Amino acid sequence: MTDLQDLYQELILYHGRRPRNFGKLADANKTAEGYNPLCGDKIRVYVKVGGDVVEDIKFEGAGCAISTASASIMTDALKGKTRAESEQLFKAFHDLVTGHQQEAETQDLGKLAVFSGVSEFPTRVKCATLSWHTLRAALSGDGEVVSTE
Amino acid sequence: MKAIGKEVKSKMTDHAPQLDVHKIRQDFPMLKQLAYGKPLAYLDNAATSQKPQAVIDALMRYYTNDNSNIHRGVHLLSERATQHYEEAREKVRQFVNAKEKREIIFVRGTTEALNLIAHSYGRANVNAGDEVLITALEHHSNIVPWQMLCSERSARLRVAPINDEGEVLLDDFAQLINERTKLVSIAHVSNALGTINPVREMVEMAHRQNIPVMIDGAQAAPHTRIDVQELDCDFYAFSGHKVYGPTGIGVLYGKSELLEAISPYQGGGDMIASVTFDKTTYNTLPYKFEAGTPNIAGTIGLGAAIDYVSEIGLDSIARHEHDLLSYGTEALSQIPGLRLIGTAKKKAGVLSFVLEGIHPHDVGTVLDREGIAIRTGHHCAMPLMERFGVPATARASLAVYNTREEIDTLVAGIQKVKEVFAL
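Quick mapping for you: the protein sequence lines, in order, are chains A and B.
The opening residue of the first sequence carries number 1 in this note's numbering; numbering runs sequentially from there.
The opening residue of the second sequence carries number 1001 in this note's numbering; numbering runs sequentially from there.
Certain hints may be false.
Claimed, not checked - So, partial list: chain A residues that the calculated Cβ filter (under 10 Å) puts toward chain B:
| # | residue |
| --- | --- |
| 1 | Asp3 |
| 2 | Leu4 |
| 3 | Gln5 |
| 4 | Leu7 |
| 5 | Leu13 |
| 6 | Arg17 |
| 7 | Gly40 |
| 8 | Lys42 |
| 9 | Cys64 |
| 10 | Ile66 |
| 11 | Thr68 |
| 12 | Arg124 |
| 13 | Cys127 |
What the hints assert, rightly or not - On the chain A side, residues computed to face chain B include the following (Cβ under 8 Å):
| # | residue |
| --- | --- |
| 14 | Tyr8 |
| 15 | Leu38 |
| 16 | Ala62 |
| 17 | Gly63 |
| 18 | Phe121 |
Keep in mind the hints are simulated off the structure, nothing from the lab.
Please read these numbers as outputs of a predicted model, since none were measured by experiment.
Think of the CB as a built atom: it goes at the ideal place given N, C-alpha and C, for glycine as much as any other residue.
Throw the hints in and build the complete structure from the sequences for me.
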């Protein structure tokens, strides 16, 4: 039971139910679609990049609590970050949910740290990382649908 | 017994002896384990069933005493392995009531059987402008091979629609059969919804226009008695692992005259009569379709599984599962916010559902920690999920060893899910 509480923390349930930055971003100049064939979750991430900075970011799609909350908290965390900073956050987040995090990384994660419980649920890692993979595809700009498989 | 109508069927199962589920559970070592410290409630049987000790012993016995290649050695072991392998074929013949043993082809599973027919029958008979007819409730394995065939042959895949309960609309199905139709391929039982299709009737509709019918019996074999002669289907396939046998072994039944007429699926050893560099003469049925060293252990294991279910009796199994299904349907229907997907009048042991505001994947994770194994996702039937307007469902599926207590555990688990996700 404690495992479950670690996974479904209040903040995750909150964001899963009422995601922030949800919807189309009218003036986006980068976008990508992500897909998890395992559960059928689909997500689209819209990014407005100015120079080297993520000026605005939104997402839409349907998914489980983990993938929706992850997208929601990710969009909050990335606003105003440079590409390099975004990439660093992705690495730290990925390490966190796969159970490979270093102490120093966790400190920089802020709200994203609530996903630490995911590492105890290997089948849910893909849910937590779907939005991040989609974001990277959007930033790299090839516009392809990315899949978690 | 001509038509396997509802009345005939229910009368049959009503008279079947009641089985002792607690005794049966003793036969399955897997069920004794705990999951996260809780008794395992294994409700993912439509994905694969657990194996009775008799099947595990048969595999062990084969590898301990008889392991050898079949149909070629003159030595004692090869003779013994061949004998056990061919005995399994006879068991399968009886299990589906085929006329002849040579109509039973061993394959990897239902998927391979469907691909075999798409390849060997399809490529010989489906040409530009022709049609293949399936239904809206098919598993991907009864969609994709036909799509591949149709795209290669510039043919058209037609799909008979279903209603909101998950039943095939028979009038539409009948209307879709026309002179361009070259093959009909339908599920006997839907994996995602549990719907039992009136296959006897559907075969008759197709046969009126001389169109052969393939039946995907993957979900039927563990739950209902199969009689291919009574169904009069042209091809029938099922998988060993869903009927308490090993993985990697399955069966394709085909009417001998049809199997005789089509080309082999794969070339290699055992499927030949003679080979020169100019010409190869193919072996007779069933070996023509069994190229290479087959899954000998799996086949013998499947034979043991068939012995096991036959001893309990498929009518008794059907009766037990039907009782659980009614009990489960009743219990789940009373949970506020729960919607059952698939409410056909004739159903096998599948309870597919969605909970309002909670994604099936989250349902599955919480249930898992309660020791309850169910499947969540699209069940390899994405077009069907789209039909019901859901991205996925949670699916509990029943087997001979499941109990009412396990249904109660499921219901309690769902309450737990609702607590975790309380608004």
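Against the structure, the hints:
1. Hint status for aspartate 3 of chain A relative to chain B: holds, with the closest Cβ pair at about 6 Å, below 10 Å.
2. At about 5 Å, the closest approach between the beta carbon of leucine 4 of chain A and any beta carbon in chain B falls short of 10 Å, and the interface hint on this residue holds.
3. For glutamine 5 of chain A, the interface hint holds, since its Cβ comes within 10 Å of a Cβ in chain B; the closest pair sits about 8 Å apart.
4. Among the interface hints, the one on leucine 7 of chain A holds; its C-beta lies about 7 Å from the nearest C-beta in chain B, closer than the 10 Å criterion.
5. Satisfaction of the interface hint for leucine 13 of chain A is found here, the shortest Cβ-Cβ separation to chain B being roughly 7 Å, below the 10 Å cut-off.
6. With a cut of 10 Å, the hint placing arginine 17 of chain A at the interface with chain B holds, because the nearest CB-to-CB distance is about 7 Å.
7. Interface restraint check: glycine 40 of chain A against chain B, minimum CB-CB distance 4 Å, threshold 10 Å, status holds.
8. Against a cut-off of 10 Å between C-beta atoms, the interface hint on lysine 42 of chain A holds, since the closest Cβ of chain B lies about 8 Å away.
9. Taking 10 Å as the C-beta contact cut-off toward chain B, the hint placing cysteine 64 of chain A at the interface holds, the least distance being around 4 Å.
10. Among the interface hints, the one on isoleucine 66 of chain A holds; its C-beta lies about 7 Å from the nearest C-beta in chain B, closer than the 10 Å criterion.
11. The interface hint given for threonine 68 of chain A holds, since its Cβ lies 8 Å from the closest Cβ of chain B, which is under the 10 Å cut-off.
12. The restraint placing arginine 124 of chain A at the interface with chain B holds, with a minimum CB-CB distance near 6 Å, inside the 10 Å limit.
13. For cysteine 127 of chain A, the suggested interface contact is upheld, since its CB lies about 7 Å from the closest CB of chain B, less than 10 Å.
14. For the restraint placing tyrosine 8 of chain A at the interface with chain B, the shortest Cβ-Cβ distance is roughly 6 Å, inside the 8 Å limit, so the hint holds.
15. The interface hint given for leucine 38 of chain A holds, since its Cβ lies 6 Å from the closest Cβ of chain B, which is under the 8 Å cut-off.
16. Hint on alanine 62 of chain A holds. Least Cβ distance to chain B is approximately 6 Å, under the 8 Å limit.
17. For glycine 63 of chain A, the interface hint holds, since its Cβ comes within 8 Å of a Cβ in chain B; the closest pair sits about 7 Å apart.
18. Checking phenylalanine 121 of chain A against chain B: minimum C-beta separation of about 6 Å stays under 8 Å; hint holds.
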